[in-house]
Each structure stands twice: as C-alpha cells, then as structure tokens.
Amino acid sequence: MWRAVAVAASAVGAFLASKKAWSTLQESRGMPSPVNMIVKGATSFQSHIGPWSVHNLTLGLLAMSKVVEKEPPPVPGKPNEDLSKDPEFLARAQHWRAMSEAIYVCEGSSFSLISQLPESTLVHAEWNPDQNSLRPAYAISIDAPFNAVVLTIRGTSNIIDMLIDSGACPEDFHGGKAHAGYVHATKSLLHEVEPHLKRAFEQTRETENERGSQTKLVLTGHSLGGAISIMCGFALKDVYPDLECWSYSTPACLSHDLAVQSASFAISFLGAYDVVPRFSVAAVESLRKQLEEFDWSHAKHVLRHDPDWQKIEKALSTMREMQGKLNEGIDGVRKHMGGGEEHEEQGQNGEVQEDNGEDGKESHQNEDGQTQCKRPPALYPAGRLLVLAADPPGCGKIPGFRSGVPQQRNYGAYPSFEDSLKVRWSLHETKPDEFLKLVISPWGISDHMLGHLCEGIGYLQAHCPPLSLSSSS
Numbered sequence: 001m002w003r004a005v006a007v008a009a010s011a012v013g014a015f016l017a018s019k020k021a022w023s024t025l026q027e028s029r030g031m032p033s034p035v036n037m038i039v040k041g042a043t044s045f046q047s048h049i050g051p052w053s054v055h056n057l058t059l060g061l062l063a064m065s066k067v068v069e070k071e072p073p074p075v076p077g078k079p080n081e082d083l084s085k086d087p088e089f090l091a092r093a094q095h096w097r098a099m100s101e102a103i104y105v106c107e108g109s110s111f112s113l114i115s116q117l118p119e120s121t122l123v124h125a126e127w128n129p130d131q132n133s134l135r136p137a138y139a140i141s142i143d144a145p146f147n148a149v150v151l152t153i154r155g156t157s158n159i160i161d162m163l164i165d166s167g168a169c170p171e172d173f174h175g176g177k178a179h180a181g182y183v184h185a186t187k188s189l190l191h192e193v194e195p196h197l198k199r200a201f202e203q204t205r206e207t208e209n210e211r212g213s214q215t216k217l218v219l220t221g222h223s224l225g226g227a228i229s230i231m232c233g234f235a236l237k238d239v240y241p242d243l244e245c246w247s248y249s250t251p252a253c254l255s256h257d258l259a260v261q262s263a264s265f266a267i268s269f270l271g272a273y274d275v276v277p278r279f280s281v282a283a284v285e286s287l288r289k290q291l292e293e294f295d296w297s298h299a300k301h302v303l304r305h306d307p308d309w310q311k312i313e314k315a316l317s318t319m320r321e322m323q324g325k326l327n328e329g330i331d332g333v334r335k336h337m338g339g340g341e342e343h344e345e346q347g348q349n350g351e352v353q354e355d356n357g358e359d360g361k362e363s364h365q366n367e368d369g370q371t372q373c374k375r376p377p378a379l380y381p382a383g384r385l386l387v388l389a390a391d392p393p394g395c396g397k398i399p400g401f402r403s404g405v406p407q408q409r410n411y412g413a414y415p416s417f418e419d420s421l422k423v424r425w426s427l428h429e430t431k432p433d434e435f436l437k438l439v440i441s442p443w444g445i446s447d448h449m450l451g452h453l454c455e456g457i458g459y460l461q462a463h464c465p466p467l468s469l470s471s472s473s
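Residue numbers for the sequence shown follow my numbering, so the first one is 1 and each next one is one higher.
Source of the hints: derived by calculation from the structure; they are not laboratory data. Certain hints may be false.
Lysine-lysine pairs mimicking BS3-like chemistry, simulated, CA-CA at most 25 Å apart [to be verified]:
hint, residue 1, residue 2
1, K198, K237
2, K66, K422
3, K422, K397
4, K237, K431
5, K66, K289
6, K237, K300
7, K198, K216
8, K314, K66
9, K300, K70
10, K437, K66
11, K70, K397
12, K311, K70
13, K237, K216
14, K311, K397
15, K397, K66
16, K431, K78
17, K422, K78
18, K198, K300
19, K70, K437
This one's a predicted model, so the numbers in the text were calculated from it and none came from an experiment.
Given these sequences and hints, build the entire structure.
In structure tokens, the structure reads:
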C-alpha cells in the first residue's frame, strides 16, 4: 500500500521538476495556479505529518495493519436491510459501477464493450486528462434503457490525476471547504462539458414524447472521478433538478456540512476498510496521535504467533539500538560544545518523540500575543454513504497483484467460486463522521477497487428477490 503512495509522490516530484510541465501549468482562465495548489497541498501534508523517523512511521503502520488483520474493527454504520433487498436499486448500483469502470479504457469501442452501450451513443469523450487545466478524463453518453444522459469521470490513472489528488489542502467551495485539487478539476471540467451536455439533451428531447419518459442527468465515477462527479453536481443540480450522482470509493473531499448536503442527490458506495475515503490532511494529523498512542504491548500479545511480527520486532529492536547510539553521540557533542541539556527524549518503547512546535500544527498569535494552534479543517466522503463489508474481510484473502488481467483488476483480493461460498456480504449506511479517522489494514487499497465493490453488490443481488424483466403494456 505505502509503496504505491511513495511511487505517486516520486512521480509528482519528477513531473514538477520538468520545465515543460511547469510552464504548461501556469495560470489559466483566472484560476489559481495548479502548481501553487499542488505545492500547498504537499507542504501541508508534510507540516502535519512532521519530521518522523522513516523507521518509526513504517514499523508503526505495519504493526497497526497486522493488529487490524487479527482484530478487524466494526463495520461503520448500521445494516440497511431495505436497500440490501431492493433488486432495482442494486441493478442500478451495479450498472453505474460498470460505467465507472468502463471509463478507465482509452477509446470508444472498449468503452462500449464494458458499458454495453452502442458506440453511437457516445456523444463526446476525452480519454486523456488535460495537463494545462488538470481536467480529468471523461465521457458523455446517452443511456436510453436508464433514461439518462451520463457524464462518467475517470478516477486516478496517470500522473495528471496524481497531481489533482496531491492538492489536498482545503479551499472554499459552495459555502464550505473542499479538496483544492478537486475544486480546480471540477471548475475545469464544468467549463468543458456544458456544451456537450446541452447537445446530448437536445437529442434526447426528440425521442422523449415517443418514449413517454423524461431524460435525467446521471454523474458517475470512481475515486477521484466520484468526488468530482458529486462536486459537479452542486453546480449542475439547479439546471438539471432530477440529477443523480453515483460515486464509488469516494475520497474525503468536502467539509461536513457540504458532505451532508450532497446526500440529497448523491450515493456513495465505500469498502469497509478503504483508506481513501478517510485520507485527508486532518486525518494525517490524527494519525500522528494514533501512532504515538499505539499499544505495542497489546500488539505483541495479539501477534505473538505471527511470523511477520518477529520481523517487525527484530527491525524495531535494531532501530532502538541505533537511535540510542545516535542520542548518546548527540549528547556527547552537546556537552563538548557547551550546549544545553534539552534534547529529544525517547519514549518507553524507544520511539523518538519529535519536537515539532505545537504538535506539528499550524499556529498563529492572538491579540494577547499567545500562540494558538490551527487544526486543518476536516474533509469527509460525500453523498449518502453505503458501506459494503465482506465477512471475513478481504473475502478471507490477503490482497496481491495479478498478471495477465486488465489494469483495473490487477490488484486486490478476488475470491474464486469456492472462496466466495465462505463469504458473507452486508450493506451498512453510515454518517460522514465515521470516516474521519484512518484505519490502517491489509485491505486499505483492495477495498478501494471497483472489482471489490462489484463482488459485494453481486452478492446482494444473488440474495434478494429477482429483478422483474416483464415489459409493461
């Protein structure tokens, strides 16, 4: 999981180092510079994560993940039996999920193959994001069986999308706060798609009388694409009052009030242990405290028979020994140079307690000259939050990579037919507050994948009344 994060960070750095990229990412249409937005987001994460030891961070996260593997936390929210047994709702959920997966291809015929829509229904598509404006890839199609014009927005798939993701520092959006990268991408996308949406609806009006139904606008997407689809919904719902948003694995993207408001027109399907809906600057700030308060004694008890734990303990022991020698050397130099007595202290378990100002938080002085801490505003996943949970987690499998399969499915925990017979799925409904705290687990990325959500929705479809296919007279 964290290797993917490191790769993304390295890619962002390499892209920004390019003179050509830098010149093409300058101010456009009066919007804030994408470069400024990206740099602000990256430096904000660094300021709140603090100058931790790489060893402390890596070993702490690994240990937390192993404990969660043995003792999975409760699934957020409460079971929603009504939606779990609603065949029409589940059919729509699976259909829009397939559309969100279809947009990960790069041309119309493959999109048609996965979405099962004729190629001729594709009104307009941009298969690559725009590096000038950071506009994500998207497609606009007419889905007659579902009476919809559909704007499908692709999730993270290349370096431009990673740049959008990295601009995580919150900024103003519709009376609240939102992920700055998504705000910028939303504005760029709306500017481009509005004429194509108008053209699509002009076409559908010619057949509405014949069909006896009115066409609605549906926005859908996965991950980054899901967040931007909901944020576009805030601007488009006044023009298209019947608008629906179907988002999958939605990231933390909106302040609390906006996240609650979005539930009136948007539905978000989330994996129970997906790390992305929980990942924001505020969540990273909270992670500092989680790591500082991590119960190593409990971890040792829970994992005492786990072979991986022995490797963690050995690495931790080596790290403590090195830190002890380093601290002794620093103390010796300070005494020789006549320095003060203050130095970094080691905790009971050998972790270095970093002195990072006011616990790594931004600060300012009030009128009395006293320093006050400014916590980063929290961001939450948007929409009506529906959580798909497998029992056992990860369908009883540890996630891994697969070869010879489409890129969208090359990582995850995919059960075979025999495996699936031992798995039970449930659908829970929850509130945004349940996703404020990071949960570090082996399934943090595999639960984010569309294939995982496909398994969950498919299970519910197999255990509810069949969808009636009889045509009305």
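Do the hints match the structure? See the list:
1. K198 x K237: 14 Å, holds
2. K66 x K422: Roughly 22 Å between the alpha carbons, so the hint for K66 and K422 holds.
3. K422 x K397: 11 Å, holds
4. K237 x K431: With Cα atoms ~22 Å apart, K237 and K431 stay inside 25 Å; holds.
5. K66 x K289: 18 Å, holds
6. K237 x K300: Not satisfied, since the Cα-Cα distance of roughly 52 Å exceeds 25 Å.
7. K198 x K216: Holds. K198 to K216 sits at ~12 Å (cutoff 25 Å).
8. K314 x K66: Distance ~15 Å between K314 and K66 Cα, so the pair holds.
9. K300 x K70: The given pair, whose Cα atoms are some 12 Å apart, holds under the 25 Å limit.
10. K437 x K66: Holds: K437 and K66 sit about 18 Å apart, inside 25 Å.
11. K70 x K397: Between K70 and K397 the Cα gap is close to 13 Å, so the pair holds against 25 Å.
12. K311 x K70: Roughly 17 Å between the alpha carbons, so the hint for K311 and K70 holds.
13. K237 x K216: 11 Å, holds
14. K311 x K397: 21 Å, holds
15. K397 x K66: 14 Å, holds
16. K431 x K78: 10 Å, holds
17. K422 x K78: The given pair, whose Cα atoms are some 22 Å apart, holds under the 25 Å limit.
18. K198 x K300: Violated: K198 and K300 sit about 61 Å apart, past 25 Å.
19. K70 x K437: 19 Å, holds
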